[in-house]
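Novice: The listed protein sequences derive, respectively, from chains X and Y. Positions 1 to 77 (this note's numbering) are the ones given, in order, by the first sequence. Positions 1001 to 1511 (this note's numbering) are the ones given, in order, by the second sequence.
If you're looking for bench data, these hints aren't it; they were derived computationally from the structure. Since we're looking at a predicted model, the values are computed, not measured. Ideal placement from N, C-alpha and C gives every residue a C-beta, glycine not left out. Zero decoy hints are in this set.
Just so you have them, the derived chain Y footprint on chain X, three or more residues with Cβ under 8 Å:
| hint | region |
| --- | --- |
| 1 | 30–38 |
| 2 | 42–52 |
| 3 | 61–67 |
Below are the SDA-like pairs computed for lysine to any residue, each with C-alpha atoms no more than 25 Å apart in a straight line:
| hint | chain 1 | residue 1 | chain 2 | residue 2 |
| --- | --- | --- | --- | --- |
| 4 | X | Lys69 | X | Ala18 |
| 5 | Y | Lys1090 | Y | Leu1428 |
| 6 | X | Lys35 | Y | Asn1415 |
| 7 | Y | Lys1404 | Y | Glu1418 |
| 8 | X | Lys69 | Y | Asn1217 |
| 9 | Y | Lys1332 | Y | Thr1353 |
| 10 | Y | Lys1054 | Y | Pro1138 |
| 11 | X | Lys35 | Y | Glu1473 |
| 12 | X | Lys76 | Y | Leu1252 |
| 13 | X | Lys35 | Y | Asp1427 |
| 14 | Y | Lys1090 | X | Ile19 |
| 15 | X | Lys35 | Y | Ser1480 |
| 16 | X | Lys76 | Y | Asp1222 |
| 17 | Y | Lys1223 | X | Ile19 |
| 18 | Y | Lys1398 | Y | Thr1152 |
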Amino acid sequence: MTEINTDKLAEAFVSALAIDAAEVTDELAYSQHPKWDSTAHMVLVAEIEAAFDIMLDTDDIIDMSSFAKAKEIVAKY
Amino acid sequence: MHFYSYQYIQQIAQNTTSQIIDGETGVQLNYTEFDKTVRQVETVFQLLFEQHGKCLIAIESDNSLNCLVVYFALLRSQHCLLLLESGQDKLKQQQIVQNYQINLLLDTSLTNSLLTALAEAHSTAQRLIQQLPLKFLPAQTIHPDIKLLLTTSGSTGSCKYVKLTADNLQANCQSICQYLQLTANDSVVTTLPMFYSFGLSVIHTHIASGSQLVLSNSTPMDKNLWALFKQYQPTCLYGVPFFYQMLLRLGLKRLPLQSVRLFAQAGGRLDNALILQLHEYIQQQNDGSCHKQLFIMYGQTEATARMAYLQPDKLPEKVGYIGQAIRGGEFKLVNDLADHADNQDSSTQTTQTGELYYRGGNVSLGLAHNRQMLEQVEKTEWLATGDLAECDAEGDYKITGRLKRFIKIVGKRINLDEVEAWLSQSDLARNLAEHAQILASGDDDKLVLVVTGKLAANHSEQIQQQLIQHASELLSVHASYLQAAYIEQPPLTANNKVDYTKLKQQVLYAN
Chain X
1 MTEINTDKLA EAFVSALAID AAEVTDELAY SQHPKWDSTA HMVLVAEIEA AFDIMLDTDD
61 IIDMSSFAKA KEIVAKY
Chain Y
1001 MHFYSYQYIQ QIAQNTTSQI IDGETGVQLN YTEFDKTVRQ VETVFQLLFE QHGKCLIAIE
1061 SDNSLNCLVV YFALLRSQHC LLLLESGQDK LKQQQIVQNY QINLLLDTSL TNSLLTALAE
1121 AHSTAQRLIQ QLPLKFLPAQ TIHPDIKLLL TTSGSTGSCK YVKLTADNLQ ANCQSICQYL
1181 QLTANDSVVT TLPMFYSFGL SVIHTHIASG SQLVLSNSTP MDKNLWALFK QYQPTCLYGV
1241 PFFYQMLLRL GLKRLPLQSV RLFAQAGGRL DNALILQLHE YIQQQNDGSC HKQLFIMYGQ
1301 TEATARMAYL QPDKLPEKVG YIGQAIRGGE FKLVNDLADH ADNQDSSTQT TQTGELYYRG
1361 GNVSLGLAHN RQMLEQVEKT EWLATGDLAE CDAEGDYKIT GRLKRFIKIV GKRINLDEVE
1421 AWLSQSDLAR NLAEHAQILA SGDDDKLVLV VTGKLAANHS EQIQQQLIQH ASELLSVHAS
1481 YLQAAYIEQP PLTANNKVDY TKLKQQVLYA N
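For reference, chain X alone in the conformation it holds in the complex:
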């Protein structure tokens, strides 16, 4: 698996979910954190795509249910 810039990914989470950097851990999960709802998820997808200059796939958007998962997914591109 290619190494990805985790800091850049974390930044996307901080800005899309409007949360503190300290809250971005592997355990941060969709619909568990009050700020990570479907609206924020759409914003997050856009932020990640812009930051890494990629286009996420349907399945990947739906699968991206935690920060840990997001690292795995982004690494595929």
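Using the hints, position chain Y against chain X.
Specialist: For chain Y alone, kept in the frame of chain X given last:
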């Protein structure tokens, strides 16, 4: 005969083999079993409030079988119901409980324990109910016609509720079933919350037609929703504009939507470009053997849910239109500027414009913001929608603007005057200099907040940031839909009122 009555459901049960399914727990009931459970809950509640007359019961509602059973049981009771959003901020919920002097609050855990107790023994459930804390008794009178209170604005915390009658629910349910031609062969997986008038109408109409109903709280961003689609093969799909934006972003062709014959959209205006994309996707799938349709619809909670829909075969020509009033309803345009009409050559005009008014059996008894307002009802024949519309030669309507000061963000209605009032009471406003003011304006999906008055130059940036953060939390709206600005002197209209249209333009089109 109302669609939730014992007689009606019994009749439906004889003509359907469909199930009502809890998508999360997997529990299924056929219509006979559903009705039996509803009746059990009914009898448990019968003794409660016996000596107190008509009471107000709030249900913290999520799309679960337990919640649906309790809701139906209480619809059949003499009491008035109010649907609360589950997962709502507790402070906001408390405010509603206080304002409306809610006599009994059935939160989700209570609803679940009630159904669990009932499964054990009737007496266990009865004991549980008799121990419930009843509040605000003796209760203030509720008008006999009010059956259900629904919020106009989702989770923005507004205390405004629409007063609906049993006949409102029945009239709207019937009209919708008729034009969507729902049958016992149809099937739906819920994609809208039950406390929201559109979501509730989906549940009502699918039960009234005896179709398969799969209850789910999942969004398109949840894997679980698509697992339910694969498993239950729904024929109907309903969503607000943001829902369809998500589907289009995910890619319609990659989603398990093959079984869907009816795509329906309401809850605000969907971009013409997106309507056309959806229409094209649906047309591509239509051949001799299947006939999929897209319904663009229009409504308001003040009209129970639905007022109009566009005939699917009028797309793509009439993209942007809301079509014509549903059966049993009627539109008219009221033009206050009628005297100006004399100056125009009306003979050459094929369209009329004005404020859109609606009448029909689904027009509610008006709005309430507290318990006192449940004593009285306003029986207005014509509902002023607050929308400006035009009507073409074929009788199809198109919304062209809005008179009332509200916008929609992700389908949630946000009252701009309320936002101003809330923000002006916040700590943030108190720390501003005297004469400084916070104004709210904007378009759908863009709330514009403007600080006015004299501020120290370096102070304004910080205030704008705080304002966005505060408003985002207050309204439960993502910060990307908010924009703040500082304008020392806001533009004014001829009669010295804030010119909100100009204000919005200054901010949105500044760059």
